[in-house]
Amino acid sequence: MDSQEPRFAPDSAAIQINLGSTDLAPLELTFKAFLLTDVEEANKHLDSIQSHSVVGLDTEYKTGSGNQPREAKLCVVQIAIERRVYVLDMTAMQTCPEDLRRILEDPTIVKCGAGLNSDAQVLWTALHVNARSFRDIGHMARIAFPIYYRKHANPLSMQRCVGDILHRVMDKTDQKADWHLGLTDTTGGRDVEKLFRYAALDAQASLEVYRVLDDCLLETAMQRKVYIPGEWLTYDCVEGKAMRIATDINDKYVEWSCNICPWFVSGVFSNFWR
Numbered sequence: 001m002d003s004q005e006p007r008f009a010p011d012s013a014a015i016q017i018n019l020g021s022t023d024l025a026p027l028e029l030t031f032k033a034f035l036l037t038d039v040e041e042a043n044k045h046l047d048s049i050q051s052h053s054v055v056g057l058d059t060e061y062k063t064g065s066g067n068q069p070r071e072a073k074l075c076v077v078q079i080a081i082e083r084r085v086y087v088l089d090m091t092a093m094q095t096c097p098e099d100l101r102r103i104l105e106d107p108t109i110v111k112c113g114a115g116l117n118s119d120a121q122v123l124w125t126a127l128h129v130n131a132r133s134f135r136d137i138g139h140m141a142r143i144a145f146p147i148y149y150r151k152h153a154n155p156l157s158m159q160r161c162v163g164d165i166l167h168r169v170m171d172k173t174d175q176k177a178d179w180h181l182g183l184t185d186t187t188g189g190r191d192v193e194k195l196f197r198y199a200a201l202d203a204q205a206s207l208e209v210y211r212v213l214d215d216c217l218l219e220t221a222m223q224r225k226v227y228i229p230g231e232w233l234t235y236d237c238v239e240g241k242a243m244r245i246a247t248d249i250n251d252k253y254v255e256w257s258c259n260i261c262p263w264f265v266s267g268v269f270s271n272f273w274r
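Numbering (the UniProt record's numbering), first residue to last: 1 to 274.
Keep in mind that the hints were calculated from the coordinates and are not lab data.
Wrong hints could be hidden among the right ones.
To be verified - BS3-like cross-link-like pairs, simulated, lysine-lysine; straight-line CA separation at most 30 Å:
1. 73 - 44
2. 172 - 151
3. 194 - 73
What the hints assert, rightly or not - Using C-beta positions, here's what the derived DEER-type ranges look like:
4. 21 - 187: 39 to 45 Å
5. 211 - 34: 19 to 25 Å
6. 107 - 150: 28 to 34 Å
7. 107 - 30: 27 to 33 Å
8. 52 - 197: 21 to 27 Å
Quick reminder that beta carbons are idealized off the backbone N, C-alpha and C, glycines included.
Please take these sequences and the hints and turn them into a complete structure.
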């Protein structure tokens, strides 16, 4: 790798989408949302997802001691496709819907979202599902816009991605709500409709941000000779560790370790030039 000053090309895609705009409107739920509380019903709805190559994914869970994902209780799973989002109340189901398991473990279906390493570990702990083919939109944004985010040390959150990429404000106050009570228990005046909409909005936002960033990554790859792989990030849910997959310019896939990957250093994406 060249030891001189990095040869960054302009973030032209960032200019086109007005990255970092301060004129923000609230993010609204525009997808048709379905609440699923029964395993048979869930399988019926999720069966059609097998034909989709990308889904938005999120989970809601109650953290265990020390906020460790491995000790968390899975409460809700959200999956978004096209103009629909399915919200699965896992507290109401006795077993994991088989079609949900197939979707999560299918390496040909990309699951996009923010902070997916925690979701992956929770899914393994709760369902013994080794989910595959995750793409974290926070990492994607770093690769697509290396100049804009080069001094941003912290992981990019869903709120940050929605604000920068979609120009919307996302309210995350319900992130730590009492999800362990599910989405049908109205005891104590719980506003389950509000929680349902929040959950659906998370999955919708994941898919919408991904679609924009996927196009931006293609432009970034055209501007620089960078590695933009087909499945560039996934997780080993059993170990809770990230596995990074890269591809060379001839579309030959190779597996990188954290130590040798030239654009992932100390948990931060950098050095996006070659």
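Each hint tested on the structure:
Of the supplied pair hints, the one linking residue 73 and residue 44 holds, its CA atoms being roughly 25 Å apart against a limit of 30 Å. At most 30 Å may separate the alpha-carbon atoms for a hinted pair to count; residue 172 and residue 151 meet this at roughly 24 Å. Of the supplied pair hints, the one linking residue 194 and residue 73 holds, its CA atoms being roughly 21 Å apart against a limit of 30 Å. Between residue 21 and residue 187 the Cβ separation comes to about 41 Å, which falls inside the hinted range of 39 to 45 Å.
Taking 19 to 25 Å as the suggested C-beta distance range, the pair residue 211 and residue 34 conforms, at roughly 21 Å. Evaluation of the 28 to 34 Å hint for residue 107 and residue 150 yields a pass: the beta carbon distance comes to about 31 Å. At about 29 Å, the beta-carbon gap between residue 107 and residue 30 stays in the expected band of 27 to 33 Å. Between residue 52 and residue 197 the C-beta distance comes to about 23 Å, which sits within the given range of 21 to 27 Å.
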